[in-house]
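**Q** Letter by letter, the chains look like this.
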Amino acid sequence: MKIISAFTGNIKNTHSPGKIGLNNGSCTICCSGDIPAEESSAAEQPASGSVCAFCKNDFPGITLDKISAYPICDSCKVNLDKKVFPLWVKLFFAGVICIVIFSMFWNWRFYQGYMDIRKANSAFAERKVSDAAALMERASANVPEVKEIGALANYFKAVDLLQKDKSTEALAVLDNCKDLPPDFHINQLVLQAEMGSGFDKKDYNLFLTSSKALLQLDSTKADAWASVSSAYACLYSQNGTDSTKALSIRYLNRSKALDDTSADAKEYIGRILYRLDSKQIISKDEFDKKFPNGYTSNSLK
Amino acid sequence: MIPGFFISILTFPGVIVHEFAHLFFCKLRKVAVFDVCYFRVGNPAGYVIHENTNNFYSTFLISMGPFLVNTILCLLICFPAYMPIKFFNIDHPLSYFLIWLGVSIGMHAIPSNQDAKNIYEQAKEKVKERNLLAILSFPIIGLIYVFNILRFFWADFFYGIAIGIGLPSLIFK
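Residue numbers (the working numbering), protein chains in the order written: chain A, 61 to 361; chain B, -10 to 162.
Since the hints were derived computationally from the structure, they do not count as laboratory data. It is possible that some hints are incorrect.
Straight-line C-alpha distance at most 16 Å; calculated EDC-like pairs for lysine to aspartate or glutamate [to be verified]:
#1 207(A) to 197(A)
#2 126(A) to 114(B)
#3 137(A) to 80(B)
#4 75(B) to 205(A)
#5 226(A) to 260(A)
#6 350(A) to 327(A)
#7 16(B) to 260(A)
#8 143(A) to 24(B)
#9 19(B) to 327(A)
#10 179(A) to 205(A)
#11 281(A) to 319(A)
#12 142(A) to 24(B)
#13 19(B) to 205(A)
A short, non-exhaustive set of chain B residues, derived as facing chain A with CB atoms under 8 Å [claimed, not checked]:
#14 9
#15 12
#16 19
#17 21
#18 40
#19 45
#20 46
#21 65
#22 66
#23 69
#24 73
#25 76
#26 77
#27 79
#28 80
#29 160
Derived Cβ-Cβ restraints for the label pairs, each shown as a range [claimed, not checked]:
#30 148(A) to 19(B): 23 to 29 Å
#31 78(B) to 269(A): 38 to 44 Å
#32 276(A) to 160(B): 22 to 28 Å
For every residue, glycine included, the Cβ atom is placed at its ideal position computed from N, Cα and C.
Using the sequences and the hints given, assemble the complete structure.
**A** Right, dumping it as structure tokens:
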């Protein structure tokens, strides 16, 4: 007795042995004829060990190989193998396997890029900006077709450079981030970079203009007010005009009103006061070395 | 309404893999195979004729083979194509070819009513012996019949999409 494992769900055995019914929607088609008669009868009953169950030829004195319980001669075995697993099916599967392996290698860079983007975002959230920038850069190299990844890599790099007080370099990198959405606040970063760049190049007018522009964007932050004060203090150190000193103090007081207790605020206020008192502009590192416990101004108390 | 044979032609790789899965499990369980039709324009689009076996596990595996093989292959083939299309919005003919190939294969994962009937014939005997697989196979048989009814509403297509695109979406949220 045979069994059919069929693909489309509508095939069913009828009650007649060896007869198979096909039900296609409303009509029922009998397709017993579709099963070749020779196979139909061949394997009905297992034959003795020397009689091929398929061609019925007797091979006296030879014990034939068996498929399950059915003895089969070499020639029928070859024919059956060709029939149940023909060359075109082998080629089909070989082709599918080749395509799958090829596409896995071909598309691997996308998975690498995806993993790097995820890691970069996690690193950025953990304030490991250098790592985030390097990972996003690698993701961008893996998927150069997507311009946003390149822009993100530049964004992370710019933030990293700003944190390292390399404002002029950050400014150049930020130029490639213009396409990022507004919630990345690229304008603010550009202004911050301009402020730093102006300070580094002793272009204190640029420092003042940028810090005022930044203050206009957000006047609720103490450091925004302190930045304008700092710029005026730099100008005062440069030209010694009392009016600039007065403006610096005015902005400084506004900053203090918002925050004069945090460590960052205290440090920044100390630097500005030292600048106003001494008319000297020194870097943060120099200031930290000179006043490890912070600076207290006597003249402006 | 799109005729079934037309869908079979469009998704012929799935038919081939479905029949191959039956064949594979026949070979694995040493069940003699007498004839295989991997694809034809007609109903059924393919079939495997093999000896009857009294071993319920063999019958179960042979009948359910396409579910395992087609589902796994669908996922494996769609997987490489998923990321460039869905995450990076990069259109490439190879990616769309893979999605077509994978979904075509996934669409033919669900065993036919004939496969369900083959399991049922033995399960109803084995269940008297309190065979656990036989007991479990009844709801599976029911689901197969329900699914095959739902083919009318493109359930096979949605299954292929769910495996080929839905699963990678869940993995790569």
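**Q** Given the hinted pair residue 142(A) and residue 24(B), is their alpha-carbon gap at most 16 Å?
**A** holds (10 Å)
**Q** Please check whether residue 19(B) passes as an interface residue: C-beta within 8 Å of a C-beta belonging to chain A.
**A** holds (6 Å)
**Q** Between residue 226(A) and residue 260(A), does the CA-CA distance stay at or below 16 Å?
**A** At roughly 9 Å apart (the allowed maximum being 16 Å), residue 260(A) and residue 226(A) satisfy the hint.
**Q** Against chain A, run the beta carbon of residue 76(B) and see if the smallest gap drops under 8 Å.
**A** Status holds, d = 6 Å.
**Q** Given the hint that residue 19(B) pairs with residue 205(A), does the C-alpha gap stay at or below 16 Å?
**A** violated (51 Å)
**Q** Should the hint that residue 21(B) touches chain A count as held when the rule is a Cβ pair under 8 Å?
**A** holds (4 Å)
**Q** For residue 126(A) and residue 114(B), compute the direct alpha-carbon distance and say whether it is at most 16 Å.
**A** Measuring from Cα to Cα gives roughly 29 Å; hence the hint is violated.
**Q** Holds or violated: is the Cβ of residue 40(B) closer than 8 Å to a Cβ in chain A?
**A** holds (6 Å)
**Q** Check the hint pairing residue 19(B) with residue 327(A) against an upper bound of 16 Å on the C-alpha distance.
**A** This hinted pair is violated, its Cα atoms lying about 82 Å apart.
**Q** Let's test the interface hint: is any C-beta of chain A closer than 8 Å to that of residue 46(B)?
**A** For residue 46(B), the interface hint is violated, since the closest Cβ of chain A sits about 15 Å away, which is over 8 Å.
**Q** Does residue 205(A) sit within 16 Å of residue 75(B), going by the straight-line distance between their CA atoms?
**A** With Cα atoms ~14 Å apart, residue 75(B) and residue 205(A) stay inside 16 Å; holds.
**Q** Does residue 205(A) lie within 16 Å of residue 179(A) when you go C-alpha to C-alpha?
**A** It is violated: about 20 Å lies between the C-alpha atoms, which goes past 16 Å.
The earlier numbered hints that this structure contradicts are 2, 3, 7, 9, 10, 13, 19, 20, 28, 29, 32.
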